[in-house]
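Participant: The primary structure of each chain is shown beneath.
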Amino acid sequence: MRLSLAALAFAIAAAAAEPGEVGQHVSTLHLRDLENRELTFSLHGKPTAVVFISALCPVSNAYNDRLNALYRAFSSRGVQLLFVNSNSNESAAEIAEHRRQAEFLFPVLRDTSNQVADQMGASTTPEAFLFDGRGILRYRGAIDDAKNPARVKQSYLALGLDELLANKPVTTAQSKSFGCTIHRVRKLN
Amino acid sequence: MRFLLSFFVSGALAAAAGLTPLAEPDYTKLIAAHKGKVVLVNFWATYCVPCRAEMPSLVKLHEKLKAKGFQLVTISADEPEDEGRAVMFLDTTKVPAPRYIRKAKSEDAFIQFLDPKWSGALPATFLYDRTGKKIKALFGEADLKALEALILKTL
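Here the protein sequences come in this chain order: A and B.
Letter by letter, the first sequence follows residues 1 to 189 of the working numbering.
Letter by letter, the second sequence follows residues 190 to 344 of the working numbering.
No lab work stands behind these hints: they were computed from the structure.
Accuracy of the hints is not assured; some may be wrong.
Below are the BS3-like pairs computed for lysine-lysine, each with C-alpha atoms no more than 27 Å apart in a straight line [said to hold, decoys possible]: (1) 249(B) with 325(B); (2) 306(B) with 283(B); (3) 153(A) with 325(B); (4) 153(A) with 294(B); (5) 306(B) with 153(A).
A few chain A positions that, by computed beta-carbon distances, are all more than 10 Å from chain B [as the list claims (entries may be wrong)]: (6) 42; (7) 56; (8) 96; (9) 101.
Don't be surprised by glycine CBs; every beta carbon is placed ideally from N, CA and C.
Whole structure, please, built from the sequences with the hints as guidance.
Facilitator: What follows is the structure, encoded as structure tokens:
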């Protein structure tokens, strides 16, 4: 009985969280690959990092090597890393060419209707969202605290992933940094 | 008052050569120094395409409304090594002083201080009335017609 009450409290708290608010629950994400095939990702069972990126944004591009390093370090430790492009002004061909030039080790996924960006309240590239194995948002914000890698003092996303993998609470829940606005699809009211 | 005035004047003079560095306490002083005017603070960066695209329109707005007590203030979010490029763009676009570059110890704290709802995505524009009260925060490209109407209403 005590357990079910705790589960109920958890469900209410997660349901009450706004998009992008730490504590928000997300169970699945619907994205497309660069061949426009629809893919569904479950956020249950293992930690997931969703990173919004851009082929055109210089701030996002300043992180290309760091994104590869994150992928290399954490995909082998059971983390699901999803790199998402939600920009309506970047075509699949441009994103594919950028992926080739940046020598990304990971696929880039498209969010053509901004459904995933809206789901998480994402507005910036680069911007990261870290979910635990129950699909609860534990961190949102910058990948680290400096565009210039030489000036990085806090690697927020990597630290959060280390903490989740060690079953520890994520100490920094949110951070902000300058970046590019996600170019959303114009929606008719 | 003398301090506020000297801060404002030194900012304007420094802008002739480079950009005036600005952190959280400086921002509060900047807004206080402009009391009596309607102030539009625009955060931009050389790497931000929509920021560069909307800047000429903001300058036009400044020229059109400055006699009525309107002031455009620009704050570059560029890295220190890109300040020269920022100055070049501002000069070419004839952006008036005061012109600043952010120099906060923590980018995270600075953005949070400016507006808790702001993620840091550029451009971002904040409108202050004559009392120094923030009346509008615009994230992303501004709707310039709506912005001009709001400025006129505030003036």
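Participant: Now look at each hint and say whether the structure bears it out.
Facilitator: Structure-based check of all given hints:
Proposed proximity of residue 249(B) and residue 325(B) is supported: the alpha carbons are some 20 Å apart, at most 27 Å. Straight-line distance between C-alpha atoms of residue 306(B) and residue 283(B) comes to about 31 Å, which puts the hinted pair past the 27 Å bound. Distance check on the hinted pair: residue 153(A) and residue 325(B) sit about 33 Å apart at the alpha-carbon level, beyond 27 Å; violated. Taking the CA atoms of residue 153(A) and residue 294(B), the gap is about 11 Å. The hint holds against a cut of 27 Å.
For a cut-off of 27 Å, the pair hint linking residue 306(B) to residue 153(A) stands: about 24 Å separates their Cα positions. Even its closest Cβ contact with chain B, about 26 Å, leaves residue 42(A) beyond 10 Å, as expected for a residue assigned away from the interface. At roughly 7 Å from the closest C-beta of chain B, the C-beta of residue 56(A) falls inside 10 Å, breaking its exclusion from the interface. The Cβ of residue 96(A) lies farther than 10 Å from every Cβ of chain B, with a closest approach of about 21 Å, so its non-interface assignment holds.
Annotated as non-interface, residue 101(A) keeps its C-beta farther than 10 Å from every C-beta of chain B; the closest such distance is 18 Å.
Figure legend: structure checked against the earlier numbered hints; hints not met, in rising order: 2, 3 and 7.
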